[in-house]
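Chains as they are written, first to last, in this note's numbering: chain S, 328 to 513; chain U, 26 to 270.
Any given hint could turn out to be false.
Ranges of calculated distance between the beta carbons of each label pair, as one might list FRET restraints [claimed, not checked]:
#, chain 1, residue 1, chain 2, residue 2, range
1, U, T251, S, V401, 41 to 47 Å
2, S, A337, U, E48, 35 to 41 Å
3, U, Q53, S, V340, 56 to 62 Å
4, S, L511, U, T27, 28 to 34 Å
5, S, R375, U, D31, 30 to 36 Å
6, U, S181, S, L338, 27 to 33 Å
7, U, H88, S, V493, 38 to 44 Å
8, U, Q208, S, K389, 40 to 46 Å
9, U, E194, S, L505, 20 to 26 Å
Pulled a few chain U residues facing chain S out of the computed Cβ check, cut under 7 Å [as the list claims (entries may be wrong)]:
#, residue
10, T43
11, L201
12, P245
13, G248
14, P250
Straight-line alpha carbon distances no greater than 20 Å define the calculated EDC-like cross-link-like pairs of lysine to aspartate or glutamate that follow [to be verified]:
#, chain 1, residue 1, chain 2, residue 2
15, S, K497, U, E30
16, S, K491, U, D45
17, S, K389, U, D45
18, S, K389, U, E33
19, S, K491, U, E57
20, S, K389, U, E28
21, S, K488, U, D45
22, S, K497, U, E57
23, S, K491, S, E452
Note that these hints are calculated values from the structure, not bench results.
Model, not experiment: these values are computed from the prediction.
Even glycine gets a Cβ: it sits at the ideal position worked out from N, Cα and C.
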Amino acid sequence: MTVIQMSDSALLVQWLNAAAAGDRDAFERLYAATRAKLYGVVLRILRRQDLAEEVLQEAYLKIWNSAGQYDARVASPITWMVTIARNRAIDVVRRRTETSVEDESGTQDVAADLPDPLAAREISEELQRLMACLRTLQPERQSLVLLAYRFGLSREQLAVKLGKPVNTVKTWLRRSLLEIRECLGA
Amino acid sequence: MTEDEDREGLAAEYALGTLDRSERLQAQSLIERDAAFAALVRAWERRIASLHELIEPVEPPAHVWPLIAARLGAVAAIPVELAAVRRSLRRWRAASMLSGALAASLLLFVGLREFSPALLPQVLQPRAPEGRYVAVLQRDQTSPGFILTVDLRTKSFTVRTVGAQRQPERSYELWLVHDRFPQPHSLGVIGDDEFTTRAALAAYEPEIINTATYAVSVEPPGGSPTGVATGPVVFVGKLIEVLPK
Numbered sequence: 328m329t330v331i332q333m334s335d336s337a338l339l340v341q342w343l344n345a346a347a348a349g350d351r352d353a354f355e356r357l358y359a360a361t362r363a364k365l366y367g368v369v370l371r372i373l374r375r376q377d378l379a380e381e382v383l384q385e386a387y388l389k390i391w392n393s394a395g396q397y398d399a400r401v402a403s404p405i406t407w408m409v410t411i412a413r414n415r416a417i418d419v420v421r422r423r424t425e426t427s428v429e430d431e432s433g434t435q436d437v438a439a440d441l442p443d444p445l446a447a448r449e450i451s452e453e454l455q456r457l458m459a460c461l462r463t464l465q466p467e468r469q470s471l472v473l474l475a476y477r478f479g480l481s482r483e484q485l486a487v488k489l490g491k492p493v494n495t496v497k498t499w500l501r502r503s504l505l506e507i508r509e510c511l512g513a
Numbered sequence: 026m027t028e029d030e031d032r033e034g035l036a037a038e039y040a041l042g043t044l045d046r047s048e049r050l051q052a053q054s055l056i057e058r059d060a061a062f063a064a065l066v067r068a069w070e071r072r073i074a075s076l077h078e079l080i081e082p083v084e085p086p087a088h089v090w091p092l093i094a095a096r097l098g099a100v101a102a103i104p105v106e107l108a109a110v111r112r113s114l115r116r117w118r119a120a121s122m123l124s125g126a127l128a129a130s131l132l133l134f135v136g137l138r139e140f141s142p143a144l145l146p147q148v149l150q151p152r153a154p155e156g157r158y159v160a161v162l163q164r165d166q167t168s169p170g171f172i173l174t175v176d177l178r179t180k181s182f183t184v185r186t187v188g189a190q191r192q193p194e195r196s197y198e199l200w201l202v203h204d205r206f207p208q209p210h211s212l213g214v215i216g217d218d219e220f221t222t223r224a225a226l227a228a229y230e231p232e233i234i235n236t237a238t239y240a241v242s243v244e245p246p247g248g249s250p251t252g253v254a255t256g257p258v259v260f261v262g263k264l265i266e267v268l269p270k
């Protein structure tokens, strides 16, 4: 499976810029290089292949239509693209009924799919800094943030997952996120 | 929490995705109305974005790409405009001794990334000067050379080199071609940097700027010595309006 390396970033930027000018071939190459990452992201949020395929299409259309607005000085190409895809996936999942994770048919075991943040892997300096800040939080709050990101869970769903009241989850989330911001210093 | 922290918290939860449906819609509406809030959201998205590296890639089915490709939308020359542009080009060709083979191979590209075809006739009409206009100067549909952005407010333009190769001992010169002028007007040589910005459109009315054809020819260093294009025209395009950022 292709993993996006840091050195590939320049290629992605080039393809994005070319796509902004209407270059479909470049856009197809961009798709080939990034599709598995984006699909992985949206599939875990939507938990259904048919929805994930539809959202993947919509994400790439949005990327195509707004490639001209991509600014390499502000974000790396893959994070820009993942953010677009993720936002779309959460739009869709929030529009559906607010069911708990367990009600979804074909749901994976949420806990089992959680990666070990400490596992040796090639991660960017950016993620290293973020993980270092996450680790300053209590474990339950770390889980909150990671579960929310990975599975696109709402406060209600997180509350069910953790067996806590929704307001507690809201407070924990906000405090944790503000502490992360403090820690990152940016 | 303070009001500032409330906004920050809302932006953070929006980026993370934990807001419920109605709050999410409210936040989206706020993003559109409130640029400062939108900036908070974008900052939060950037803060947490690297978490995607923890998510294992999954190959989507092969049938997805053709569905995307089919939906990339109208990327085509508009027949009505094509006729007008061809007339301009013929006139230009006569005036500047364009190479016949190259003139025949020029394809016009009008990007419709942001608009549906139904909107296009309105877009091409003279607009209030607030607009930002873009032309993709292309050889054909897969060879963008330059992106020309025009700001009608300041009457300046920026040329961004995208695919055009630097040619040794040659300069690229930008021309404005319009029915109203017997000859193309030079907008100057495109510099070696990625971006060239110039106020050279100050003398032109918005209507001219809007409806002109823009072209790039290959000239001796420093541009054409004669005031008309002496070398082959390699990239051509017309302006369309893009939505403001």
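Hints versus structure:
At roughly 44 Å, the beta-carbon separation of T251 of chain U and V401 of chain S lies within the given 41 to 47 Å, and the hint holds. Distance hint check: the CB atoms of A337 of chain S and E48 of chain U are about 38 Å apart, consistent with the given range 35 to 41 Å. Checked against the given bound of 56 to 62 Å, the beta carbons of Q53 of chain U and V340 of chain S, roughly 28 Å apart, lie outside it. A hinted range of 28 to 34 Å for the beta carbons of L511 of chain S and T27 of chain U is inconsistent with their spacing of about 20 Å.
The beta-carbon spacing between R375 of chain S and D31 of chain U, approximately 34 Å, falls within the hinted interval of 30 to 36 Å. With their beta carbons about 31 Å apart, S181 of chain U and L338 of chain S fall inside the hinted range of 27 to 33 Å. The beta-carbon spacing between H88 of chain U and V493 of chain S, approximately 40 Å, falls within the hinted interval of 38 to 44 Å. For the hinted restraint 40 to 46 Å between Q208 of chain U and K389 of chain S, the CB-CB distance of approximately 43 Å keeps it satisfied.
Separation of E194 of chain U from L505 of chain S is about 59 Å and departs from the stated range, judged on CB atoms against 20 to 26 Å. Against a cut-off of 7 Å between C-beta atoms, the interface hint on T43 of chain U holds, since the closest Cβ of chain S lies about 5 Å away. Of the supplied interface hints, the one on L201 of chain U is violated, with its beta-carbon coming no nearer than about 20 Å to a beta-carbon of chain S, more than 7 Å. Taking 7 Å as the C-beta cut-off, the interface hint given for P245 of chain U is violated, the closest approach to chain S being about 27 Å.
For G248 of chain U, the shortest C-beta to C-beta distance to chain S is roughly 24 Å, which exceeds 7 Å, and the interface hint is violated. Residue-level restraint check for P250 of chain U is violated (minimum Cβ-Cβ distance to chain S is 31 Å; threshold 7 Å). Straight-line distance between C-alpha atoms of K497 of chain S and E30 of chain U comes to about 13 Å, which keeps the hinted pair within the 20 Å bound. Annotation: proposed proximity of K491 of chain S to D45 of chain U holds, straight-line Cα distance about 16 Å (limit 20 Å).
Between K389 of chain S and D45 of chain U the alpha-carbon distance is near 23 Å, which puts this suggested pair outside the 20 Å criterion. With a C-alpha separation of about 26 Å, the suggested pair K389 of chain S and E33 of chain U falls outside the 20 Å cut-off, and the hint is violated. The straight-line distance between the Cα atoms of K491 of chain S and E57 of chain U is roughly 33 Å, outside the 20 Å bound, and the hint therefore fails. This hinted pair does not check out: K389 of chain S and E28 of chain U have alpha carbons roughly 33 Å apart, beyond 20 Å.
With a C-alpha separation of about 16 Å, the suggested pair K488 of chain S and D45 of chain U falls inside the 20 Å cut-off, and the hint holds. Restraint check for K497 of chain S and E57 of chain U: not satisfied, since their Cα atoms lie roughly 24 Å apart, outside the 20 Å limit. The straight-line distance between the Cα atoms of K491 of chain S and E452 of chain S is roughly 34 Å, outside the 20 Å bound, and the hint therefore fails.
Going down the numbered hints, you'll see the structure goes against 3, 4, 9, 11, 12, 13, 14, 17, 18, 19, 20, 22, 23, while the others check out.
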